[in-house]
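4 protein chains.
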Amino acid sequence: MTEPEVSSLPALAFIGAGVMGRPMIANLRKAGFALKAYDRSPAALENLRSDGVTVADSLAAAVAGADVVVTMLPDTPHVQSVLLGEDGIGTLLPTGTLVIDMSTISASGIRAIGQDLASRGVDLVDAPVSGGVRGAIAGELSIMCGGSPEAFAKARPVLEGMGTTIIHAGDLGMGQVFKMCNQLMVGVHIQAMCEAFALCRAQGGDLNLLRETLMGGAAGSWMLENLGPQVIAKDDSAGFRIDLQLKDLRLAGEAAFEKGLPLPGLAMATSLYLEARAHGEGSNGNQAMFRTYDRLTNQA
Amino acid sequence: MTEPEVSSLPALAFIGAGVMGRPMIANLRKAGFALKAYDRSPAALENLRSDGVTVADSLAAAVAGADVVVTMLPDTPHVQSVLLGEDGIGTLLPTGTLVIDMSTISASGIRAIGQDLASRGVDLVDAPVSGGVRGAIAGELSIMCGGSPEAFAKARPVLEGMGTTIIHAGDLGMGQVFKMCNQLMVGVHIQAMCEAFALCRAQGGDLNLLRETLMGGAAGSWMLENLGPQVIAKDDSAGFRIDLQLKDLRLAGEAAFEKGLPLPGLAMATSLYLEARAHGEGSNGNQAMFRTYDRLTNQA
Amino acid sequence: MTEPEVSSLPALAFIGAGVMGRPMIANLRKAGFALKAYDRSPAALENLRSDGVTVADSLAAAVAGADVVVTMLPDTPHVQSVLLGEDGIGTLLPTGTLVIDMSTISASGIRAIGQDLASRGVDLVDAPVSGGVRGAIAGELSIMCGGSPEAFAKARPVLEGMGTTIIHAGDLGMGQVFKMCNQLMVGVHIQAMCEAFALCRAQGGDLNLLRETLMGGAAGSWMLENLGPQVIAKDDSAGFRIDLQLKDLRLAGEAAFEKGLPLPGLAMATSLYLEARAHGEGSNGNQAMFRTYDRLTNQA
Amino acid sequence: MTEPEVSSLPALAFIGAGVMGRPMIANLRKAGFALKAYDRSPAALENLRSDGVTVADSLAAAVAGADVVVTMLPDTPHVQSVLLGEDGIGTLLPTGTLVIDMSTISASGIRAIGQDLASRGVDLVDAPVSGGVRGAIAGELSIMCGGSPEAFAKARPVLEGMGTTIIHAGDLGMGQVFKMCNQLMVGVHIQAMCEAFALCRAQGGDLNLLRETLMGGAAGSWMLENLGPQVIAKDDSAGFRIDLQLKDLRLAGEAAFEKGLPLPGLAMATSLYLEARAHGEGSNGNQAMFRTYDRLTNQA
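Chains as they are written, first to last, in my numbering: chain V, 8 to 307; chain F, 8 to 307; chain H, 8 to 307; chain L, 8 to 307.
Derived from the structure by calculation, the hints contain no laboratory data. Only a predicted model underlies this, so the values are computations on that prediction, with no experimental measurement involved. Careful, some of the hints might be misleading.
Copies of one chain are not kept apart here, so a pair can be met inside one copy or by any two copies together.
[As the list claims (entries may be wrong)] In silico lysine to any residue, SDA-like type, Cα no more than 20 angstroms apart, as pairs: (1) Lys266 with Asp213; (2) Lys254 with Ala41; (3) Lys266 with Pro81; (4) Lys266 with Leu251; (5) Lys161 with Ala68; (6) Lys266 with Arg302; (7) Lys161 with Asp178; (8) Lys266 with His286; (9) Lys266 with Gly289; (10) Lys241 with Gly289.
The whole structure should be built from the sequences, with the hints applied where relevant.
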């Protein structure tokens, strides 16, 4: 692989340097991008400085001179505030700037923001990721994108600095929709596994043997293969947090409600995750949903 | 592989020659077993005769002289009736006979039957299968067994005449439990896929692209890979029937209720399958659950 | 009201002298009926003797000479066993006998028993009750009956000895169906109240004020009026037991499944009652379902 | 009752003159209040003029000189826009003004608005109503209020011009919480009735007789008494619209999610209402949920 030609790469601003943003910034720099970063948290800025990143002391300073602005923020209101708020950057970006929002937020939210930016000649691509902190560090995120073909084409080289699978899912917002569908299935698959395990255990069966037996057949899932062992070992520590899973299930539920679509399976999974969090599992991995079934059978 | 020594093989009686039993009988005969078969349906007996199978004209005649009796029947009451009913064979079987029930029935039902047979010195193994008619014809069923190690050891050579994966799941009834857990996951996974597809479509997304995107990751499942294309193509014809899926979900629900275990995900999936059947999908493949979501969005 | 003419009253056998049967027997005797009673429990028989009741020492002895046999038993298998089992009374009853089964059991179960008895010229009425132990003691049960008009007409004077509201719901089994519908609504109404209370409390509201505000309007229910105060006072002791509520919800679920009818509201309520029982609330009143919501918000 | 002293009554502005607002304005005028009204819809203004109401041609003109501002708007964003938006009235109101928001909106939404107004010395009471258009016309609304005791005391005389039951539920937002709890119970009670009716009908029972039998007992509800006859008669026309019921269930679901509270009964009822609306029942009365059960049994 030859050295990237630095001169041909767009100048970046990166907004949001949390546990995901920080390693994503590191990988973009490794890929040769010049970037300025900003986060409203002083601690996050300090981390960036210790990484050698050029840090801006305001949103406005961060985006000054940027060809592409990348945002990686917690939820819809944060993205609205950064891009359209009173002190936001929407009005500062020159025509022709591309914004890539990599946050996981509402599909209708990102579409509304896109309409506003489009009226100022600014392009927007939504590009939520899967792969977690591990994928962010390894530069191996899966990135699901929505936006015009032209905007996606401009975004792709930047995204390739952070991930290995870059999908153009459709128009603006469709990256969010694909992400939601992913999370809906993840949530329900975990519940399916937990219910099968709970039934087998209540009937006196061996969970390891059950998992091995079911894994290759019609009941097989990534979850059964990859999180099944942790569920059985009662290892709740690792993986995707229940807090975050709940946020994603909420986004899916809202997107379904907006379209008048009843999704009772999603509703039940959401209810179970809420129950798990109410019992203090919020910062555990989403396989900790099994604790809820544990409590039912006094086998915790 | 050398020719099996016919003289060393146990003499079999096979009760129940429906769409599953008939090819299972054919494979046992190919494997060298001598067997007599019985079914209460004259049409089924006629089929067997045309296959060249030795047919008995009563349950009693079928089991006379048999070392091992195999039953493959629709539901719990049929197995109770054949083994313990007034005209049943339970009292006819000599001590040391092995009964292998390959029907998918209630775990507590098979355990109760086993207690009764044990008091007469007759062994019982429950051995429900997965793989469907196709697997039965190919002799490639997966067979999940419950029973004592000794009974399982005696049953295994017979089962190897019909399947390729023979699992000893645990004590009597555990074959049924494993089968239920399999079907619970199958049912909920299909619902998860249908809900993700319905959400994506309502938001304007491309289902083929969604499926390809999700397949390799945390949302991946055998269902998404194998039945996803049929769902998208609206091909409801093939696969495991909704009628039968409902029977299996009912068995799982009853087994959970007996243990006082709430399984809300299973309850929701059962509700959706009932809805699909109420709309006339009973004899379609279980991917036809998607029609229920179609109706909701008037895209059928 | 004049003294009943003892000579004109049918001779009764009463099978099943538990917490309900015992006071029902007492009221029938007060109403002037001659009766012999039987229960398989020696302790129950002892209670009857201390009440001055004529006790039979076998089922057969109890029903000898009876015009009307009343059964009050725990569940479907008990009724099947007493009426149709090997040592049961079905074959002992002369043509023209009337059986009144007051147990709460499966509608299809009682219909099957009725077909069998009808073939012997014995009439059957199903007559499950509501009103609980208190209603049984006061002789103020509500009794929902199924059977032919003729059989119901014969049963009515006996039933009037135990209850004040005697409804002819329809053909055999319809008493059970009405009872199930009652219990379905009871179970879901309690859940509705618990969810409203849980939401109000989580938002910081006053439950007594909420109850008073909602009681007279569109959200009003017998439950809100009568069990609401106990829920708020965390008095789980009195009322209809969760164990029994679960039995009735199961019967309703089975009756719906038999007709291919999805009832997701019933399924959810059943799930919640199972959860409550799994947490040890089985012998508490059904308002103890609120403990499940307590656990979710750590306010127990 | 003596004539109200007009001079002692506060001057009102009334924002929002839809099907509810218009008769509420009429009743306030009848009660002697001087008021100016505004609605962004020209047709609504024309209606007001034909009623003889003093109409303002802008929000600002409507509130000029008002002691109390009443708002009656469709949903949270409309209230946010009118009170806090760019062209909103929040900054125009002098210290000491009282705002009474009678819209049904989010509890957290109204609390946030209240914080903003409080910083400007403006009081806020939330006062959602029940009783529908009929209650609005008759001046017999039930009004559930949240706010400080002082603000409530100031609001009461105005509210008494529109309703007969005025409840002080608690702090700001608690009116909304009580309203949500009401609607949650309404929605689940209708589902409970529909499921009981569906079960009874599938089993061959008579719905009118069932309703009469259950009405007085533990399964009794306002819904069974008042909407039961319409459900049975398949009269979907009157009552509270499914569209509006869904909005209220959504508000309840969001308020529960904010507190991390799983409410599976609410989730199921919401799912069923969505299904009903997806089948075109949105503008029918909420008893039209029974059509969903009709479809399941092909008895529509």
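Hint check results:
no., hint, in the structure
1, Lys266 with Asp213, "between (43 angstroms within a copy, 16 angstroms between copies)"
2, Lys254 with Ala41, "neither (32 angstroms within a copy, 48 angstroms between copies)"
3, Lys266 with Pro81, "between (24 angstroms within a copy, 19 angstroms between copies)"
4, Lys266 with Leu251, "between (23 angstroms within a copy, 16 angstroms between copies)"
5, Lys161 with Ala68, "neither (23 angstroms within a copy, 49 angstroms between copies)"
6, Lys266 with Arg302, "between (36 angstroms within a copy, 14 angstroms between copies)"
7, Lys161 with Asp178, "within (15 angstroms within a copy, 52 angstroms between copies)"
8, Lys266 with His286, "between (32 angstroms within a copy, 13 angstroms between copies)"
9, Lys266 with Gly289, "between (29 angstroms within a copy, 13 angstroms between copies)"
10, Lys241 with Gly289, "within (16 angstroms within a copy, 28 angstroms between copies)"
Hint violations for this structure: numbers 2, 5, all remaining hints satisfied.
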